[in-house]
Structures are given as C-alpha cells and as structure tokens.
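Enquirer: Residue strings, one per chain:
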Amino acid sequence: MGNKTSVVFKGVKNGIIMDIKENYDFNFILNEFKEKLIHSKSFFNNTRLNIKFTGRSLSELEYSQLIDIINNESTIDISYVEYQTDNEIKIHNKDSMTVHKGTVRSGQKIESEGDIVILGDINPGGLVHAKGNIIVFGNLLGSVYSYNNKKENLFVVAINMNPMQIRINNIIARGPDRQSETFKLKHKQPEIAFVVNENIHIEPIDNKSLSKLIISN
Amino acid sequence: MNEIIVITSGKGGVGKTTSTANIGAALANFGKKVVLIDADIGLRNLDVVLGLENRIVYNLVDVIDGNCKLKQALIRDKRFEGLFLLPAAQSKDKNDVSPEQMKVICKELSEEFDYVLIDCPAGIEQGFKNAIAGATSGIVVTTPEVSAIRDADRIIGLLEANELSNPKLLINRLKQNMVKDGNMMSIADIKEILAIELIGYVPDDENVVISTNRGEPLIKENNSVASQAYINITKRILGEDIPLMEVETERNVFRKFKKLFKLK
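These protein sequences, in sequence, are chains A and B.
Each number in this note's numbering corresponds to the 1-based position in the first sequence with 1252 added.
Each number in this note's numbering corresponds to the 1-based position in the second sequence with 2 added.
These are calculated hints, taken from the structure and not from any lab test.
None of these values were measured; they are calculated from a predicted model.
You can trust all of the hints, since none of them are fake.
Once the Cα atoms are required to be at most 30 Å apart in a straight line, the calculated DSBU-like pairs of lysine-lysine come out as:
#: 1; chain 1: B; residue 1: K182; chain 2: A; residue 2: K1438
#: 2; chain 1: B; residue 1: K13; chain 2: A; residue 2: K1438
#: 3; chain 1: A; residue 1: K1273; chain 2: B; residue 2: K131
Make the full structure from the sequences, and use the hints.
Expert: Dropping the structure here:
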C-alpha cells in the first residue's frame, strides 16, 4: 500500500468531497490527509466550504482528528460537514442557521449549531439535534431535540406534527401510543411545540403564538 | 456501461430473492442477456428458487479466490435463453468478500451482459456493503408492514449515502381487500412515507409459494396475477410506460355485484 491514494479530494458545486478509502491504517490516512492539505493550502485560501467525507466510516474520534487537522493545517473556513459513522449519517453545522433539503430517513442524524429548517420529512427513526429552533416543512414523524441553555423559548414547528419524541432542553414529550390505523398519516394543520411550566405544549400555529416566541428569542 | 441493479430491502423475508429470480427471468424472456448474482454468501437461496442448486460446481468465492474463471462459475438456465446465475458460496461467510472484489466482478459481468441483478442479503452489514458496491441503481423491496417500511426507509438513506441515488420502490405482497377495509397500508400511504419512485407492486398470490417450491420462476406460466405484475415491472425497467394494474380479486367482483343490487 505504498502508493498514496488513501485520500482523494473532489470539488463539487457547493463544496468539497473528501473521499477516504477503506483498508488503510488510520494513522497513514491522517499523515496523507495532512500532507494534502498543506500542499493545497494556497488553493483553499480562506474559502468558506461545505465538506463531505465519503468512503470509510468514521468514528467520532477519527472525525474530530480530521477536523483538527483541517483547522490547524489549512485556512478552510468550514460551514458544514457531513460524514458517515458505522450506522449514522451525521451533519455538523457551524452556521447559526441551516437549511437541510431532503428527507431525514431512519438512521440519519442531523446536527446543527443553531436554528435548522428541514425542507422535507423527518421519517420515523430519523433524528434532528439543534442548538436552536427546529422548523420542519413536511411531516415530522421522527425525533427532534432542541437544546440551548442560553436561549429561552425554544420551539419546534412542523407542517404535520406526528413526532415519536420531542425534546426541548431537558423536557421530553413522546407521541401517542400506536393504535390500529395509525399507519395512516394524519394530515393536520401546522403546529408549534414549546415549553410552558416544564411541559411541552403543542398547539396550532398562529400569528400570536409565533410572534411572541420570535420576539422573545 | 450496462445496468447493474441491486435488489435490496433491509428486512428479511419480504421477497428480494423471488423478485430477483422473476425479474431476471422476465428480462431474459424479453431477449436480454441477464446474469443474477447471489450476494447472500453463507445463506444462498437464489439457486433454490431458480431450481438450479444441483448444478453448482463453482461459486462467487471460488471466483474471488481464483479457483476458477468467472465464466466457469456461471450457470446457464436452460429454460430461459440468456439467463445466467452466479451462485453464492454456502460454506463461507460475508466477510470473505470485499466491496472492491465485488466491484471488479460486477464490472466484468456488465461488459458482457445487458443486465446484472444482485440479490442482496438482509441487514446492513458487510453483506449489504458488498452487494451495493458494484451497483449502478437499486430496487428497494418492501411489504406493506410498518416494520418492513422502517427498514426500507433506512436502506434508502444508506443507498443515497453511497451515491446510489433514486432507488426505485417495489411493494410486494399487497392485499387489496385488506387495503380496502383500511387494515393494510395502501400504495399511496407507503409512497408518502418513503417518497421515492414506485416501479410496481406485486399482489399477494399463492402461486408465488408454489413456484418457489417447484424451483420454476412464475414468469414461465403466464397466468397468475403475480407473474403479470413481475412482467409489468420488467417492462418498466426496460423503459416502457406501463400504468399500474388494478387487481380484481374474487371478493371485489362479489362486491361489485352487491353494489349493483344496492346491497350494503
């Protein structure tokens, strides 16, 4: 395995794909990754970029090692990182507000460092963690977790609210138990979930409820 | 390059192998050169469904280990002109094959065959990774059950993460009567959750069990609803625009009579 092909960078429309080949020792990959970045330092030159790791599944530790190298050895300003662990697809967002396009499917986990807007459904088994508000333009059937100690009045909005679980800071609410026919999607009006007196309230969204929350945010 | 289609589901027992066998046989019937790869190493089934188990000499792992040439391991199905099977090994397991090796085999086969169909094992472990490695497109099989649909959703996510975007959906074992009574998910319900293109559905049909036990693809006798459904699916794979079929079961006919006489 002497020839250096363990890491390949590919430019795509809105960022860069870093393809990490399987069957290589991770230390070897780290070294080569570092070399490649130093080599292309002038090319990246302070650009704000989305990064997607493909190929090898990464553990949390391996991921953070790679990100450390990017931060130390290059001038890339990361706005968004996507990578795959053994069983999850993870997205880390450094921006205060993110838009995710597409369905969040079972086993996928989206993490955001701020508010997040999902243009699509969150299917059962899908997870969204955000250090801010979560807005779903679609069916919310999975689990969402909104947490931020510094912010009050966090909320979750969905066009069709049928979640398995909603967590806002340390308060958890779970969906109703399954009865017959719950496999049919119920179409309701858009709803908003927020915390009142240590309980999660869900109510139809209207101007009043929304403006109150947005102002206090 | 010719099409390499992986047929997968996540959950076991939803009809991956049956679908692979029947779509493969139907493609061959339409004059295409087709090879079916059984990627379920250690638990091979496709050869049994096709009734070819007594003719296996070499298998996929033999090819990878270099015990034989790829051509020697292919079994020709005499009933269908142009249909071949690359059987799985029974005495090895999934870790004896790597995704890179599968890619090489798929590529080599796709140069000679119009269609390469890969029968994927259940699960999302090594066997799944091997099966999808060489594929250029995917068909996700599901039954109208909540658990099967959860798994299908997961699989679609994994396929997309592995750059096999736009997989097609095949709904198997649909019972129209139960759907009408509201006791089973309808095609529309499933499509709304999974949000991918439907390539067809197969009604629940006892003939499927009979054909599997006999080791003869359904397509051979062209008179069951399931065989018609597989033929329609195959035509859609070939690029024809075929509308979804309506199934008239006995009970439906009975119902129509009732309606006619205004009995409720």
